[in-house]
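Trainee: This is what each chain is made of:
There are 2 protein chains.
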Amino acid sequence: MSTSERKLHLNAFIRGAGHHEAAWRHPDTHPELSLDIQHFIQLAQTAERGLLDSLFLADGYVGKTNKLEPFTFLSALAAVTRHIGLIATVNTTYNEPFHIARKFASLDHISHGRAGWNIVTGSGSAEANFGRDEHPEHSLRYETAEEFVEVTKQLWDSWEDDALVYDKQSGTQFAHGKVHEINFKGKYYSVKGPLNIPRPPQGYPVLVQAGSSESGKELAARTAEVIFTAQQTFADGKAFYTDVKSRLAKYGRTPEQLHILPGISPILADTEAEAREIERELDNLIDTTDAVKRLSSRFGVDLSEYPIDGPVPLHEAKELEEVNGNKSRHQLVIDLVRNENLTIRQLVQRLAGARGHLTFTGTPLQMADVMEHWFKNGAADGFNVMPQLYPSGLDVFVEQVIPELQNRGLFRTAYEGQTLRENLGLVRPANLHQIPNLAVKQS
Amino acid sequence: MSTSERKLHLNAFIRGAGHHEAAWRHPDTHPELSLDIQHFIQLAQTAERGLLDSLFLADGYVGKTNKLEPFTFLSALAAVTRHIGLIATVNTTYNEPFHIARKFASLDHISHGRAGWNIVTGSGSAEANFGRDEHPEHSLRYETAEEFVEVTKQLWDSWEDDALVYDKQSGTQFAHGKVHEINFKGKYYSVKGPLNIPRPPQGYPVLVQAGSSESGKELAARTAEVIFTAQQTFADGKAFYTDVKSRLAKYGRTPEQLHILPGISPILADTEAEAREIERELDNLIDTTDAVKRLSSRFGVDLSEYPIDGPVPLHEAKELEEVNGNKSRHQLVIDLVRNENLTIRQLVQRLAGARGHLTFTGTPLQMADVMEHWFKNGAADGFNVMPQLYPSGLDVFVEQVIPELQNRGLFRTAYEGQTLRENLGLVRPANLHQIPNLAVKQS
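If you read the protein sequences in the order shown, they are chains R and L. Just so you know, full-length UniProt numbering puts 51 at position 51 of the first sequence, and the rest follows in order with no gaps. Just so you know, full-length UniProt numbering puts 438 at position 438 of the second sequence, and the rest follows in order with no gaps.
If you are wondering where the hints come from, they were derived from the structure by calculation, not from laboratory data. Hints may be right or wrong, so weigh each one.
A pair counts as met if it fits within one copy or between any two copies, since identical chains are not told apart.
BS3-like, lysine-lysine: derived pairs with alpha carbons at most 25 Å apart [as the list claims (entries may be wrong)]: (1) K185 - K64; (2) K217 - K153; (3) K217 - K376; (4) K192 - K64; (5) K7 - K376; (6) K245 - K64; (7) K327 - K153; (8) K187 - K245; (9) K327 - K245; (10) K187 - K153; (11) K153 - K7; (12) K318 - K153; (13) K376 - K318.
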């Protein structure tokens, strides 16, 4: 694909009433619909009207959350959409590869090739819901995740693409010798196979990664086809983009095989002043006491004992090595405080928009400018769009930002393919059992 | 509910091309649609047009099957149906209570209260797909299952029904003190909680059980609200019905709290002769070699070494104690051979229709007669309908058997309620934390 043809790839990051932590209190949102699939069907259909590549939602196994579970949620959406990709966040630390490979295969069949997997390893406290004593530390989680993904790939490949025959005449349902046991015996998993469902239409679901730590970047370079990342400035974004793309060659991969999509969390209005007014409105709705409590837990220091309009006491904060959750996000927050000399209140507001993702307040044209700048100057292949208010923020994005991006030749005017993989311009992976090299070796 | 008002409850047992093992070879079926959700959406909509209570599909974790996974499958159907209950078969031996409680809660929210759980403990060989050395023996699986169900109930109850507030003014999303840790520490599971999704609209999904062994019957009497069972004769059906209903009192339950639905697997046509012709056609399509191989594995003896038109060598077959899978089904097959002196070929044909469930070949009127007889004479509260051919068998059932049952006053003419529980006439379970007795104790 020549540079002139290169297009943005856009994902809608779905979240109840929106990404601003006080979104649910804003008059435009409907938090009481957080478990109502009709609310999300409308969002999905809006995103599809905007020709977005995909939608996804975050996930976790701890806490008092009012969210639907990803596989059930996305399968319901699959039945009432036709084009949009459906990306499920699924944890490798507290699941079985057989169940996960199967559910993704099933979602991929149901959606006719629109499934994606955002691979995460989880942050602390989930262990207590699964009879475990502790949350494994960061590097062990990544090592496990790699083996987990390897098992799922082998399971998806356990059915050759032409294994199903359905020859009524001869009575042959399955072609002879085209469904294989995998007999995987690794350090963490032992799985015999075959999978109990044929290979997904896409071969594998599109593999997505969101960790931006050192091991996260390395896993992404080896495995991922899309990265969701949080970058606060163009300079950081460009550095991250350059770093990750440069790691691909050693795994025999080209830069086009991995799309980097930074998060961008907009508040949009017809004028910048109106957008700023919405932002102020939202910031006034923040429950500061609660936000300070969460920041205190993140930093490992009780911030309520410090003046809220004074500096963040970084010298008291946890060292990176002590963090057992999202290391790269912790680093990002610390850098943010350092670089901008933020007070506690300023940091609370800064994180309220999108928990560390780049926020944007302005007009649709201004937003298109930012996206074009990042896209054309080596900082992004597209964006993970995180409206601070749902559904209104997505409506404005689809109705006003998308046409502007199309006018500039930066975004598709129709879906190119049938599957998420095709719309992302990604190759369908060959089946392990059908790779020509292996056939050559045997002959 | 007075006896005159008592109505049949009907479930459609979904299975690719139909329940006859050669159904996929019949000219009326479309086995190539076995992974196509549109095929199943049509079946679900047909069943809903027929006002059936629910649909369900069997499930397992071993073998070369071309079936969609239950949670993804039923969630997709939930998005395009409004009334029909959606019953997922989920195994307690190879799953985590937290994941399963969550997925059922999510399916129940998505379907606005139409989820059911067919609780199974699995048969052998699945262990190798989950890194385990052996499939636990029967009584251990049932003991584990009971604890598993207990944990899921506590997780569903971990959110009181009025825990969500969404008071934008005060900034209160969750009512104080209405979401609880469960801190469950049992023999097999340790789960802290709370669940990460609010209580299902139905309180709990409708709990279904299908094992008919001694421990199966006892678990059902204590826990289940619906039983799917295989009974070959009216006498067997009546004995089973009487036995199970009599076990309810000791758990403080009434007969109305548990519906017993024997399987019935019909081949329907306008005349009995035509129906017999379809039956012959199907029996001729059976792959006898393959069927004998499966029977051999069931009996633990190589039947291909015996004359196919000679008697089944029962004296060589496995004792009940050696069976690690479905004991009650094994007993049923042995009784069938004994009572009817079947040859190997006859047994093959007998099981081909519905693997041991009652088969029926005839007209819609004749089928209504059988159903009425069982229903009015203490052998059934309804049926698990298992058409030998899909979709044609379900079409005929809905278009011709249902109106006949309605004419006889045996079946609803409109859905009575909004949820599966309401349509089944089952009470919504109180939340553990909101039971008046407990409140009294505390005061």
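Trainee: Would you mind marking each hint as holding or not holding in the structure?
Mentor: Against the structure, the hints:
1. With identical chains, the CA atoms of K185 and K64 are at most 25 Å apart between copies only, with a shortest distance of 21 Å across copies and 37 Å within one.
2. When the C-alpha separation of K217 and K153 is checked against a cutoff of 25 Å, the pair qualifies only within one copy, where the shortest distance is 20 Å, while the shortest distance between copies is 40 Å.
3. Within a single copy, K217 and K376 get their C-alpha atoms as close as 22 Å, which meets the 25 Å cut-off; across copies the closest is 67 Å, which misses it.
4. Within a single copy, K192 and K64 get their C-alpha atoms only as close as 37 Å, which misses the 25 Å cut-off; across copies the closest is 13 Å, which meets it.
5. In this assembly of identical chains, the alpha carbons of K7 and K376 lie at most 25 Å apart only when taken from the same copy (10 Å versus 68 Å across copies).
6. Proximity of K245 to K64 under the C-alpha cut-off of 25 Å is found in neither arrangement, the shortest distances being 38 Å within a copy and 40 Å between copies.
7. Taking the shortest Cα distances, K327 and K153 never come within 25 Å of each other, neither inside one copy (27 Å) nor across copies (36 Å).
8. Taking the shortest Cα distances, K187 and K245 never come within 25 Å of each other, neither inside one copy (29 Å) nor across copies (50 Å).
9. Taking the shortest Cα distances, K327 and K245 sit within 25 Å of each other inside one copy (21 Å), while across copies they are farther apart (58 Å).
10. For the homomeric pair K187 and K153, the shortest alpha-carbon distance inside one copy (16 Å) is at most 25 Å, but the shortest distance between copies (35 Å) is not.
11. When the C-alpha separation of K153 and K7 is checked against a cutoff of 25 Å, the pair qualifies neither within a copy, at 29 Å, nor between copies, at 49 Å.
12. Proximity of K318 and K153 under a CA criterion of 25 Å is satisfied in neither setting, with 37 Å inside one chain copy and 38 Å between copies.
13. When the C-alpha separation of K376 and K318 is checked against a cutoff of 25 Å, the pair qualifies neither within a copy, at 37 Å, nor between copies, at 71 Å.
Of the numbered hints given earlier, the model fails hints 6, 7, 8, 11, 12 and 13; all others are met.
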